[in-house]
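Peer 1: If you want the building blocks of each chain, they are given just below.
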Amino acid sequence: MSAEGSGGATAPVGVVLVSHSGPVAESVATMAAGLAGGGATAPVAAAGGTPDGGLGTSAELIAEAARTVDRGAGVAILVDLGSAVLTVKALIAEGDELPEGSRLVDAPFVEGAVAAVVTASAGADLDAVAAAAGEAYGYRKE
Amino acid sequence: MSETALDAAFFVRWMTAAAAVIDREAERLTELDSPIGDADHGANMQRGFVAVAKMVETEPPATPGGVLTAAGRQLISSVGGASGPLYGTLLRRAGKALGDAPQVSAQELRSALGAGVDAVGQLGGSAPGDKTMLDALVPGVAALATSFDAAAEAAEGGALATVPILARKGRASYLGERSIGHQDPGATSSALLFSALAEVAK
Chain A
-4 MSAEGSGGAT APVGVVLVSH SGPVAESVAT MAAGLAGGGA TAPVAAAGGT
46 PDGGLGTSAE LIAEAARTVD RGAGVAILVD LGSAVLTVKA LIAEGDELPE
96 GSRLVDAPFV EGAVAAVVTA SAGADLDAVA AAAGEAYGYR KE
Chain B
2 MSETALDAAF FVRWMTAAAA VIDREAERLT ELDSPIGDAD HGANMQRGFV
52 AVAKMVETEP PATPGGVLTA AGRQLISSVG GASGPLYGTL LRRAGKALGD
102 APQVSAQELR SALGAGVDAV GQLGGSAPGD KTMLDALVPG VAALATSFDA
152 AAEAAEGGAL ATVPILARKG RASYLGERSI GHQDPGATSS ALLFSALAEV
202 AK
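Chains as they are written, first to last, in the numbering used here: chain A, -4 to 137; chain B, 2 to 203.
Simulated from the structure, these hints should not be mistaken for lab results.
Keep in mind the model is a prediction, meaning the values are calculated, not measured.
One thing to keep in mind: the hints can contain errors.
[Claimed, not checked] One-sided excerpt, in silico: chain A residues whose CB lies under 10 Å from chain B: (1) T5; (2) A6; (3) G33; (4) L50; (5) S53; (6) E55; (7) A58; (8) D75; (9) G77; (10) V80; (11) L81; (12) T82; (13) V83; (14) L86; (15) P94; (16) G96.
Every residue gets a Cβ at the ideal spot worked out from N, C-alpha and C, and that includes glycine.
Generate the whole structure from the sequences, applying the supplied hints.
Peer 2: So, in structure tokens, the structure goes:
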């Protein structure tokens, strides 16, 4: 639990989903929120594709999504591949482009998004959200 | 190498020349990116450097470091592909290394670009020989010790030398052996930045 939560309701960790494709990011966000189920879910925002609707990565959309979900408890950013990974890393290295407490979470995109949104909705802090998303790498399918 | 002092105006000219050469070569960059990438390198670099050229024209920073830092920021925010954060990091790290100095020597530029190249390797988790922009940047920066022309030649040579290499990074790495025989688009655009630098230094 985050420190500022000791006196009352804890601000939730925000989750940002960055994909090369707008529809992929949107759909995974919808699915993760849906699977997190009943009650209040943590804020989730999709940052997919380029501003003109093409395939790619947009620093602008990522920064906007992170601001949208930032409640002061940190923002977990999940990415698909290539330029999505590099753009978020570069933005974090910049220092002032993303809200304080923004973190690139090393996790599989779909499974990690579900785990992140479920744990963030349960009130977990950023470390726990990141750990849950990363643990999704361990779920074998055969 | 002559110890001419390079001022902010020189760096503005470099970025403007880089935008022009990227614009001229955009089609070739995209062609190189078609067999082993996703055929967007030319358009991505063009978009990024159009933004850089506009920035240096409308609000030129006052120092060499300022020009490179602001150019890097434009690239990160406008390119839309992996080359955005990679070139953005190259220029920003180099710009930060130059600090607030109103003028810098060619050797200071060389060492700043060296810091930028290190940061690119770290960000991409790659090394020379992986068939990436580093294959042009590393020899280019090393040859800056001799002259701007030597740097342009070395970077171009480095880009050509990526043809027989098996790609180990990025989308091209999924192709395995089929990536052999193609010149790396990122190394090619890196060589263009050095040719722009040699051009403005004349």
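Peer 1: Have a go at the A:L50 hint: is there a Cβ in chain B nearer than 10 Å to its own Cβ?
Peer 2: Check passed: Cβ of A:L50 comes within 8 Å of chain B, closer than 10 Å.
Peer 1: Does the interface hint hold: is A:A58 within less than 10 Å of chain B, judged Cβ to Cβ?
Peer 2: With a minimum Cβ separation of about 8 Å from chain B (threshold 10 Å), the hint on A:A58 holds.
Peer 1: With chain B as the partner, please determine if A:T5 meets the hint condition of a C-beta pair closer than 10 Å.
Peer 2: 33 Å, violated
Peer 1: Once the shortest beta carbon distance from A:D75 to chain B is found, is it less than 10 Å?
Peer 2: With Cβ-Cβ at 12 Å, over 10 Å, it is violated.
Peer 1: Against chain B, run the beta carbon of A:G77 and see if the smallest gap drops under 10 Å.
Peer 2: 5 Å, holds
Peer 1: Let's test the interface hint: is any C-beta of chain B closer than 10 Å to that of A:V83?
Peer 2: Cβ of A:V83 sits 8 Å from chain B, so the hint holds.
Peer 1: Taking the closest Cβ pair, is A:V80 under 10 Å from chain B?
Peer 2: Given a least distance of 8 Å, the restraint on A:V80 holds.
Peer 1: Holds or violated: is the Cβ of A:S53 closer than 10 Å to a Cβ in chain B?
Peer 2: 6 Å, holds
Peer 1: Would you settle whether the hint for A:E55 is holds or violated, based on the nearest Cβ-Cβ distance to chain B being less than 10 Å?
Peer 2: At about 6 Å, which falls below the 10 Å cut-off, the nearest Cβ of chain B leaves the hint on A:E55 intact, so it holds.
Peer 1: Less than 10 Å between beta-carbons is the criterion; does A:T82 satisfy it with respect to chain B?
Peer 2: With a minimum Cβ separation of about 5 Å from chain B (threshold 10 Å), the hint on A:T82 holds.
Peer 1: Is the shortest C-beta separation between A:L86 and chain B less than 10 Å?
Peer 2: 7 Å, holds
Peer 1: Closer than 10 Å between Cβ atoms is the bar; does A:A6 clear it against chain B? Give me holds or violated.
Peer 2: 28 Å, violated
Consistency note: the structure conflicts with the earlier hints numbered 1, 2, 3, 8, 15 and 16.
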